[in-house]
Amino acid sequence: MMYLKLSIRNARRSFMDYLLYIAAMTVLFAIIEVSDCIAVLGGSSGFQVISLPLLTAAIQIVLAGYIDSFLLKQRAKEFANYLLLGMEKKKLTRLFLCEVLLIGFCCCLAGTTIGFAVYGFWYFREPLHEMKYYGFLYGKSLFMTFLFFCFIEAVCSFRLKWRLSKLQIRDLMYEKSRSQGIMNIEIYKKWGCTFLFSFACFIGCVCGIVFLPEAYIVYPVSAAAIPLFVSVFAFYRWMFGCLYAQRRMCSVQIYHKDRLYMIADMTSNFKTSAIVNTVFSICLLFSACSFITGALMLHPEFQLFDRAVQQWMGTAQISICIMFLVVYFSILSLHQLIELRQNAKSNHIMRCMGKNNRQIERLVNQQILIKLISPMIMVLLIILLCIPLLNGKMNLIVPASLNQILLRLAGEFGVCILFFYTCYFAIVSAMSKCYIYPSADM
Amino acid sequence: MNQIRIGAFISQRRKAKGLTQSQLAEKLGITDKAVSKWENGRSMPDLSLFMPLCALLDITLNELFAGECIPEGKLKDKADEVLMSVITNWLGQDKCESRECAAEPQTVLEVVNVSKQYETVSAGCEAENHSVFAVNDVSFQIPHGSFVGIMGASGSGKTTLLNLIATIDKPTNGIIRISGQNIVDIPEEDAAEFRRRHLGFIFQEYNLLETLTIYENIALALTIKEISKEKIHPMIQSLSEKLDISAILDKFPYEVSGGQRLRCACARAIVADPDIILADEPTGALDSHAARQLLDTFSILCRECGATILMVTHDVMAASYCDRILFMKDGEIRTALNRDRKSKQTFFADILKKIEWMEGERYDVFEVINP
Chain F
43 MMYLKLSIRN ARRSFMDYLL YIAAMTVLFA IIEVSDCIAV LGGSSGFQVI
93 SLPLLTAAIQ IVLAGYIDSF LLKQRAKEFA NYLLLGMEKK KLTRLFLCEV
143 LLIGFCCCLA GTTIGFAVYG FWYFREPLHE MKYYGFLYGK SLFMTFLFFC
193 FIEAVCSFRL KWRLSKLQIR DLMYEKSRSQ GIMNIEIYKK WGCTFLFSFA
243 CFIGCVCGIV FLPEAYIVYP VSAAAIPLFV SVFAFYRWMF GCLYAQRRMC
293 SVQIYHKDRL YMIADMTSNF KTSAIVNTVF SICLLFSACS FITGALMLHP
343 EFQLFDRAVQ QWMGTAQISI CIMFLVVYFS ILSLHQLIEL RQNAKSNHIM
393 RCMGKNNRQI ERLVNQQILI KLISPMIMVL LIILLCIPLL NGKMNLIVPA
443 SLNQILLRLA GEFGVCILFF YTCYFAIVSA MSKCYIYPSA DM
Chain H
24 MNQIRIGAFI SQRRKAKGLT QSQLAEKLGI TDKAVSKWEN GRSMPDLSLF
74 MPLCALLDIT LNELFAGECI PEGKLKDKAD EVLMSVITNW LGQDKCESRE
124 CAAEPQTVLE VVNVSKQYET VSAGCEAENH SVFAVNDVSF QIPHGSFVGI
174 MGASGSGKTT LLNLIATIDK PTNGIIRISG QNIVDIPEED AAEFRRRHLG
224 FIFQEYNLLE TLTIYENIAL ALTIKEISKE KIHPMIQSLS EKLDISAILD
274 KFPYEVSGGQ RLRCACARAI VADPDIILAD EPTGALDSHA ARQLLDTFSI
324 LCRECGATIL MVTHDVMAAS YCDRILFMKD GEIRTALNRD RKSKQTFFAD
374 ILKKIEWMEG ERYDVFEVIN P
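As you go down the protein sequences, you meet chains F and H in turn. Residue numbers for the first sequence follow our numbering, beginning at 43 and rising by one. Residue numbers for the second sequence follow our numbering, beginning at 24 and rising by one.
Bound conformation, chain F alone (with noise of 0.2 Å):
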């Protein structure tokens, strides 16, 4: 009970430190919730769908340990006083554990009331569908999303247990201030050649898709997943560990302008920052591949499922489609917000050294921008090989009228994802301002 109760004290007090956990944790137990009813709507109609929960699941927990590692962060140094006060560190993990779950738990309500909310409110305002499925729906979606919850929290309080009992007093009170590194600078070497072979796999992959016969298209579709996660994931480890070595070398080309302060910046975390930019990359690609699904289901000459099916499927492979492009767009916005604030001390540092209020906002909007778009590097380099080649074979099975639809809908995405950039990016500019300029208390 004394636990619960400072618990609660301290997630209170750590209230911004919290937020970033608080708003991803919520954004995706909605998300989760949607797509349980999406399954359970699914399922009844002969449809399987169980997949989607599963892989946001998966997301969630990539996203959850990011996420748990920043808390621990900050907090390290009050965890150290809390040992140096005598507490141990079982009672202290016990604690932490307790709060984050505590907060994981209202997370999954409030996301699990906002998620009904709004699919409910979707699906139900169809006259064609009977409200008597409303707790039905309810009760088995929320039963889903409870089990989910359970599953993810297991599994980060396991993970966030082995790295606290790892950790003594001293790692803590550096814990926030502490860079990764390796002591084998030329691997990133490696993950380049790993990228390369990866990808050339999922490239042929497509290239079978392409050009395979008919009854041989089933092994390349199933195989294709693999090669792509691993190149996306050696991309990132090859990119962050390549500006990396060129930091630990010394490397003349990035003491010019703001490289080096930028590119200390990319990698001061260069491991969380690839597994984050994976799972980011994935997520859009996902969203792209429902945008493309969903449009092409609802477009009225493509005929391949009864019309209301196929209009089920579309608006939900849409929905699909937002709910991952808002999880990519906030989530990093969030992220990029709270880690401004953090670092408006090095603001503070950088104008003494002579950087005016322009530059440092230049700066910042640069920061802003690459931290935004570096999981569409990868994304749009599939998108820029694969979507030609698709295209040529989608236009020997569709209508004529439908030529090179996937090119269009590949760059309706585009469009879409253009907008919600610029939407996010001047959101996040315009907040990093109160960051930027000098206030009373600097």
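It is worth saying that the hints were derived from the structure and are not from the lab. C-beta: ideal position from N, C-alpha, C; glycine also. Take these hints with a grain of salt, some might be off.
[Claimed, not checked] Simulated restraints, written as ranges between beta carbons of each label pair: (1) Gly41(H) with Met291(F): 52 to 58 Å; (2) Glu95(H) with Glu120(F): 56 to 62 Å; (3) Ser311(H) with Ala100(F): 55 to 61 Å; (4) Thr43(H) with Lys313(F): 43 to 49 Å; (5) Gln26(H) with Met291(F): 35 to 41 Å; (6) Lys274(H) with Lys387(F): 16 to 22 Å.
[To be verified] Result set (DSSO-like, lysine-lysine): computed pairs, CA atoms no more than 27 Å apart in a straight line: (7) Lys99(H) with Lys367(H); (8) Lys367(H) with Lys299(F); (9) Lys313(F) with Lys119(F); (10) Lys274(H) with Lys387(F); (11) Lys254(H) with Lys299(F); (12) Lys274(H) with Lys208(F); (13) Lys252(H) with Lys299(F); (14) Lys38(H) with Lys56(H); (15) Lys115(F) with Lys475(F); (16) Lys274(H) with Lys232(F); (17) Lys274(H) with Lys413(F); (18) Lys313(F) with Lys274(H); (19) Lys475(F) with Lys248(H); (20) Lys248(H) with Lys193(H); (21) Lys299(F) with Lys232(F); (22) Lys265(H) with Lys252(H); (23) Lys274(H) with Lys119(F); (24) Lys231(F) with Lys60(H); (25) Lys475(F) with Lys193(H); (26) Lys50(H) with Lys40(H); (27) Lys274(H) with Lys115(F); (28) Lys313(F) with Lys115(F); (29) Lys231(F) with Lys252(H); (30) Lys248(H) with Lys387(F); (31) Lys299(F) with Lys274(H); (32) Lys387(F) with Lys193(H); (33) Lys38(H) with Lys60(H); (34) Lys365(H) with Lys101(H); (35) Lys101(H) with Lys367(H).
Got chain F sorted already, so can you dock chain H onto it with the hints?
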């Protein structure tokens, strides 16, 4: 005080008493490693261990510091010698050198009748406006290559004055010229350009960027000043050797000691050759040993690099390294003290007298040293 000699003496006395390192460590309640470090001259015993150690080794404190047994006849001379070496070690080696040259040194900083007034609103039934002079009609000059200190109690206005000189704040009245340029009315963008070209900063909290290594922190100052990228490496190498930080260039700030961090901050401040370095209580967070190292570094910067330093401090020991000290109270400069050719010890005593005079009451020396 010769640490190696003291270590050898401890070792010799321990063996004479028939004790092993472990036995001595056990009797003193410390680790074997600590005793080994003393004997190798790598560290000194803690203050609290001096007397028990002397008792165990059957020697006097004088003999321990002298690193030898003192015969009865030489006791007085040796005791004075030891006391002098302890004082010198505490205040540092006196390196006061004449910097006289034929030509009159150029004035780097000129402050003329500068005031800074703040408006405060008192809360109450009727809101009242009060104006407070944080800095009141201050004037002084700093010549090139000098090391000037501003001393004063908390709230005396010394940091406000430093901020005005640093172009971080604007004075209400007066003129501040740095290298002949009046900085009072320059707009924010030009002020940033001015800071980049003419000023260097050293803060008490180091203010190093945690995501950058020591090398990169220094390099960042050079990239901001748009120094050619090919020149950066040799400049950092040469300066880091001078400041004895070559071995830690690849480390991150959290991986090095407070003293090393401050020396890195010094390197960052001096590397682009600013007209004046502004240091705000730089020794505030350091122990006496690290503080002395830093102040020696300042002296090196003045002597070898021709740097001009303006340091705000309330520490008498730190102030005793300066060439000139301005004493502030209630926003005004009450008096100044020049070192001239005085030894550091004499200058230290003069500063204490000056503080005593300013406060108008007798000061306990140790209270001033350890406020």
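Against the structure, the hints come out as follows:
| no. | hint | in the structure |
| --- | --- | --- |
| 1 | Gly41(H) with Met291(F): 52 to 58 Å | holds (56 Å) |
| 2 | Glu95(H) with Glu120(F): 56 to 62 Å | holds (59 Å) |
| 3 | Ser311(H) with Ala100(F): 55 to 61 Å | holds (56 Å) |
| 4 | Thr43(H) with Lys313(F): 43 to 49 Å | holds (48 Å) |
| 5 | Gln26(H) with Met291(F): 35 to 41 Å | holds (39 Å) |
| 6 | Lys274(H) with Lys387(F): 16 to 22 Å | holds (20 Å) |
| 7 | Lys99(H) with Lys367(H) | holds (25 Å) |
| 8 | Lys367(H) with Lys299(F) | violated (44 Å) |
| 9 | Lys313(F) with Lys119(F) | holds (23 Å) |
| 10 | Lys274(H) with Lys387(F) | holds (21 Å) |
| 11 | Lys254(H) with Lys299(F) | holds (14 Å) |
| 12 | Lys274(H) with Lys208(F) | holds (23 Å) |
| 13 | Lys252(H) with Lys299(F) | holds (9 Å) |
| 14 | Lys38(H) with Lys56(H) | holds (17 Å) |
| 15 | Lys115(F) with Lys475(F) | holds (25 Å) |
| 16 | Lys274(H) with Lys232(F) | holds (25 Å) |
| 17 | Lys274(H) with Lys413(F) | holds (26 Å) |
| 18 | Lys313(F) with Lys274(H) | holds (19 Å) |
| 19 | Lys475(F) with Lys248(H) | holds (24 Å) |
| 20 | Lys248(H) with Lys193(H) | holds (24 Å) |
| 21 | Lys299(F) with Lys232(F) | violated (30 Å) |
| 22 | Lys265(H) with Lys252(H) | holds (21 Å) |
| 23 | Lys274(H) with Lys119(F) | holds (21 Å) |
| 24 | Lys231(F) with Lys60(H) | violated (44 Å) |
| 25 | Lys475(F) with Lys193(H) | holds (22 Å) |
| 26 | Lys50(H) with Lys40(H) | holds (13 Å) |
| 27 | Lys274(H) with Lys115(F) | holds (20 Å) |
| 28 | Lys313(F) with Lys115(F) | holds (15 Å) |
| 29 | Lys231(F) with Lys252(H) | holds (26 Å) |
| 30 | Lys248(H) with Lys387(F) | holds (20 Å) |
| 31 | Lys299(F) with Lys274(H) | holds (23 Å) |
| 32 | Lys387(F) with Lys193(H) | holds (21 Å) |
| 33 | Lys38(H) with Lys60(H) | holds (16 Å) |
| 34 | Lys365(H) with Lys101(H) | holds (26 Å) |
| 35 | Lys101(H) with Lys367(H) | holds (23 Å) |
The structure shown violates the earlier hints numbered 8, 21, 24.
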